[in-house]
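*Asks:* So you can see what is in the structure, the chains are spelled out below.
Number of protein chains: 2
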Amino acid sequence: MKIREASEADIEQIWPIFHEIAAAGETYAYRRDTTKSEALSIWLASPQKTFVFEEDGRVLGTYYIKSNQQGPGDHVCNCGYMVASAARGRGLATAMCQHSQEVAIQLGYKAMQFNFVASTNGGAVLLWHKLGFATVGRLPGAFCHHSKGYVDALVMYKWLEAETEL
Amino acid sequence: MKIREASEADIEQIWPIFHEIAAAGETYAYRRDTTKSEALSIWLASPQKTFVFEEDGRVLGTYYIKSNQQGPGDHVCNCGYMVASAARGRGLATAMCQHSQEVAIQLGYKAMQFNFVASTNGGAVLLWHKLGFATVGRLPGAFCHHSKGYVDALVMYKWLEAETEL
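The listed protein sequences derive, respectively, from chains A and B.
Numbering of the first sequence is given in full-length UniProt numbering, commencing with residue 1 and proceeding in unit increments.
Numbering of the second sequence is given in full-length UniProt numbering, commencing with residue 1 and proceeding in unit increments.
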């Protein structure tokens, strides 16, 4: 598998992954009817960097990294990860999260924060815990799940300074 | 005291307040060298609505309201409040926060969230608690205070549905 920084042209392969996940309304705080051009802005244009994980030229997963806050909060980054449904169960989320932590340290970040993990997304919560993230906040009813209604969202956080550098 | 929606022209009176608070680097996640045009974008152009509290044509305080997340999170709003240093101790923050909760309900929001309250900002933490906000998260070392270094930031949250409407 090859990991590389994404270019705008990668939106063609990122879009089907993004669209499927956003339209489900179960895990990300994006409108279910988010358009391709909005996705381009959210995933590729606004973040500091975006990466794709590809196999034989086919994008299987992607993540972005950006500052979570400005000024006094700009030493903490935020990442978002998406895996193509056909590629789930192969450890891509783990590989991307580990890669993102190394990139975060290279970029000078000291911590990583996930602002809005749906508490119903048990697989993600378990995985982030396994990768060293602590649940540092719980937002009551903050996530309106497409089928389950108002569920809690979690804030997850990891201080990175002690991590080994690339 | 008059409360009204702000227009872009109000940046002239908002800017000195914003600049003093941002430059202090003690309470808001804005760069200390944030420019006037960036402040215009942050405080007036990007939010859903911005209000000013004025006395004899002089702006003493201002707040914005916007969605804290999109899609499955767009029923929770976020607000930011600033009071001119000369007008502190007169209950303006309380009045603005109460006004913002009423506006939030009118706009259809169900909850209000503050993402990044510096734990060293004891007055604000106490005030938000008094006004019904719970501390639902603590982000270790997420706020780099200008003089105190890395301090925790708090996530504060209030469900609004039971509030009396305007």
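For the record, the hints were derived by calculation from the structure and aren't laboratory data.
Check before you lean on any hint, since a few could be wrong.
Heads up, the list lumps identical chains together, so a pair's fine if it works in one copy or across two of them.
[What the hints assert, rightly or not] Result set (DSSO-like, lysine-lysine): computed pairs, CA atoms no more than 30 Å apart in a straight line:
(1) 148 / 2
(2) 36 / 148
(3) 110 / 36
(4) 2 / 110
(5) 49 / 36
(6) 36 / 130
(7) 49 / 66
(8) 158 / 66
(9) 110 / 130
(10) 66 / 110
(11) 158 / 148
(12) 110 / 148
(13) 130 / 49
(14) 2 / 158
(15) 66 / 36
*Asks:* Does each hint hold? Answer for all of them.
*Replies:* Each hint, compared with the structure:
1. In this homomeric assembly, residue 148 and residue 2 never come within 30 Å of each other (Cα to Cα): the closest approach is 37 Å inside a single copy and 43 Å across copies.
2. In this assembly of identical chains, the alpha carbons of residue 36 and residue 148 lie at most 30 Å apart only when taken from the same copy (26 Å versus 44 Å across copies).
3. Within a single copy, residue 110 and residue 36 get their C-alpha atoms only as close as 32 Å, which misses the 30 Å cut-off; across copies the closest is 29 Å, which meets it.
4. For the identical chains of this complex, residue 2 and residue 110 are intra-copy neighbours only, at 26 Å inside a copy versus 44 Å across copies, given an alpha-carbon limit of 30 Å.
5. In this homomeric assembly, residue 49 and residue 36 come within 30 Å of each other (Cα to Cα) both inside a single copy, at 19 Å, and across copies, at 27 Å.
6. With identical chains, the CA atoms of residue 36 and residue 130 are never at most 30 Å apart, being 33 Å at best within one copy and 44 Å at best between copies.
7. In this assembly of identical chains, residue 49 and residue 66 lie within 30 Å of each other by CA distance both inside one copy and across copies; the values are 7 Å within and 26 Å between.
8. In this homomeric assembly, residue 158 and residue 66 come within 30 Å of each other (Cα to Cα) both inside a single copy, at 15 Å, and across copies, at 27 Å.
9. In this assembly of identical chains, the alpha carbons of residue 110 and residue 130 lie at most 30 Å apart only when taken from the same copy (19 Å versus 33 Å across copies).
10. Taking identical chains as interchangeable, the C-alpha atoms of residue 66 and residue 110 lie at most 30 Å apart whether they share a chain (13 Å) or sit on different chains (28 Å).
11. In this assembly of identical chains, residue 158 and residue 148 lie within 30 Å of each other by CA distance both inside one copy and across copies; the values are 28 Å within and 21 Å between.
12. Taking the closest pair of Cα atoms, residue 110 and residue 148 come within 30 Å of each other only across two copies (17 Å); inside a single copy the shortest separation is 35 Å, beyond that limit.
13. Within a single copy, residue 130 and residue 49 get their C-alpha atoms as close as 25 Å, which meets the 30 Å cut-off; across copies the closest is 41 Å, which misses it.
14. Proximity of residue 2 and residue 158 under a CA criterion of 30 Å is satisfied intra-copy only: 26 Å inside one chain copy versus 45 Å between copies.
15. Taking the shortest alpha-carbon separations for residue 66 and residue 36, both the intra-copy value of 20 Å and the inter-copy value of 24 Å come in at or below 30 Å.
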